[in-house]
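Participant: This is what each chain is made of:
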Amino acid sequence: MGLPIVAVIFAALVTAIIANRLWPLMFLHVVFGAAWTIIDLFLGFVIGPIMKRLPVPARIELTTRLMPRTVIIMPTIVTVTLAAGWQLGTLMGTVNSSYYNHGWIVASYIVVGCMAVIALGLLSPANIAVLFELKKPNPNPAVIQTLMKRFIYAAGFTGTLQLATLVIMTKIRVG
Amino acid sequence: MTAHAPERSLPPVTGLAMASLALIIIGGIYLAAHLPERVPLTPAAILLAASALLLTVNLVMLSRVRGFAWKRFFSVGRWALLAYAITAGLIEFAFLRDGVRGGVLVILTLSIIVYAVHVPILIAFTVARYER
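Chains as they are written, first to last, in the numbering used here: chain C, 24 to 198; chain X, 3 to 134.
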């Protein structure tokens, strides 16, 4: 069910970029950006601490239901947020170095760059490795715990960086 | 007694891959921060070369690991490669759509190739290292 929805979202993204109109690009950037921020904060600061206190079987149960969804949701919202955001910046001229708030725009590149390295280097591989472990006839709880700890800590760190994104984006919006 | 994940001595694939990705991202930020001005491409080219070098080092070190779960590595790696090739294609499409041309396009395209190869390697490595 998830992949057809992803295909529709990507088709909408490509259409918005080709059309290069303000509203569709703004819609995609704001909606998916908000989803990215909220999910990162929720995983890092709500689910993470709860999971740490759960007994191991309950952690595995939660992981079994959570991870197949995040492996689809996270790359999709990140791709749409960044692609729509870049096109929006090009359309509005905010990516140009002559833009009066250019320093804040560059700061957003740096924050997103840090999040990208963590997401691509730690979050995504841990997510997929957990799924493969769960598919085995006898999943190793220790492997799942190790990978989930990595996933939750990384999500918490990107959640913290998301707070910086909120500061930057609101500053850019009000000028 | 606390159970532990089966760890074995393996090359620092994750660390090198993250460093490689960080280098191309820094190069991308350098280029993006100066738009639409023309800037010297040398810093971005050096960062890209260093990133590609780390990719090569990672591949060489990984290829020397004995008894690694190569079957699992390649089965995961090829699907991850397909997925990241699609996202790389989307990024490249956005660059072409925005009129990026010349040396900047070459550097960005090569950076995307490094990204589209290195991330699947990292995913495949993380899955295969826990294969029993």
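I should point out that these hints are in silico values taken from the structure, not numbers from a laboratory. Model, not experiment: these values are computed from the prediction. Careful, some of the hints might be misleading.
Distance ranges between label pairs, derived from CB positions [claimed, not checked]:
id, chain 1, residue 1, chain 2, residue 2, range
1, C, Pro162, X, Gly101, 28 to 38 Å
2, X, Gly105, C, Pro91, 41 to 51 Å
3, C, Pro80, X, Thr44, 35 to 45 Å
4, C, Val31, X, Arg68, 40 to 50 Å
5, X, Arg134, C, Lys194, 33 to 43 Å
6, C, Pro164, X, Phe76, 38 to 48 Å
7, X, Gly69, C, Ile28, 19 to 29 Å
8, C, Lys172, X, Gly104, 44 to 54 Å
9, X, Ser77, C, Pro164, 18 to 28 Å
10, C, Thr183, X, Arg68, 45 to 55 Å
11, X, Gly101, C, Pro80, 48 to 58 Å
12, C, Lys194, X, Thr111, 31 to 41 Å
Cut-off 16 Å, straight-line C-alpha distance, at most; resulting in silico cross-link-like pairs (EDC-like, lysine to aspartate or glutamate) [unchecked claim]:
id, chain 1, residue 1, chain 2, residue 2
13, X, Lys73, X, Glu133
14, C, Lys159, X, Asp100
15, C, Lys158, X, Glu133
Idealized CB from N, CA, C, for every residue including glycine.
Participant: It remains to establish, for every hint, whether it holds in the given structure.
Facilitator: Hints versus structure:
{"no.": "1", "hint": "C/Pro162 with X/Gly101: 28 to 38 Å", "in the structure": "violated (50 Å)"}
{"no.": "2", "hint": "X/Gly105 with C/Pro91: 41 to 51 Å", "in the structure": "holds (42 Å)"}
{"no.": "3", "hint": "C/Pro80 with X/Thr44: 35 to 45 Å", "in the structure": "violated (56 Å)"}
{"no.": "4", "hint": "C/Val31 with X/Arg68: 40 to 50 Å", "in the structure": "holds (46 Å)"}
{"no.": "5", "hint": "X/Arg134 with C/Lys194: 33 to 43 Å", "in the structure": "violated (50 Å)"}
{"no.": "6", "hint": "C/Pro164 with X/Phe76: 38 to 48 Å", "in the structure": "violated (27 Å)"}
{"no.": "7", "hint": "X/Gly69 with C/Ile28: 19 to 29 Å", "in the structure": "violated (40 Å)"}
{"no.": "8", "hint": "C/Lys172 with X/Gly104: 44 to 54 Å", "in the structure": "holds (46 Å)"}
{"no.": "9", "hint": "X/Ser77 with C/Pro164: 18 to 28 Å", "in the structure": "holds (24 Å)"}
{"no.": "10", "hint": "C/Thr183 with X/Arg68: 45 to 55 Å", "in the structure": "violated (40 Å)"}
{"no.": "11", "hint": "X/Gly101 with C/Pro80: 48 to 58 Å", "in the structure": "holds (55 Å)"}
{"no.": "12", "hint": "C/Lys194 with X/Thr111: 31 to 41 Å", "in the structure": "holds (33 Å)"}
{"no.": "13", "hint": "X/Lys73 with X/Glu133", "in the structure": "holds (10 Å)"}
{"no.": "14", "hint": "C/Lys159 with X/Asp100", "in the structure": "violated (45 Å)"}
{"no.": "15", "hint": "C/Lys158 with X/Glu133", "in the structure": "holds (12 Å)"}
Violated hints, in rising order: 1, 3, 5, 6, 7, 10, 14; the structure is consistent with all others.
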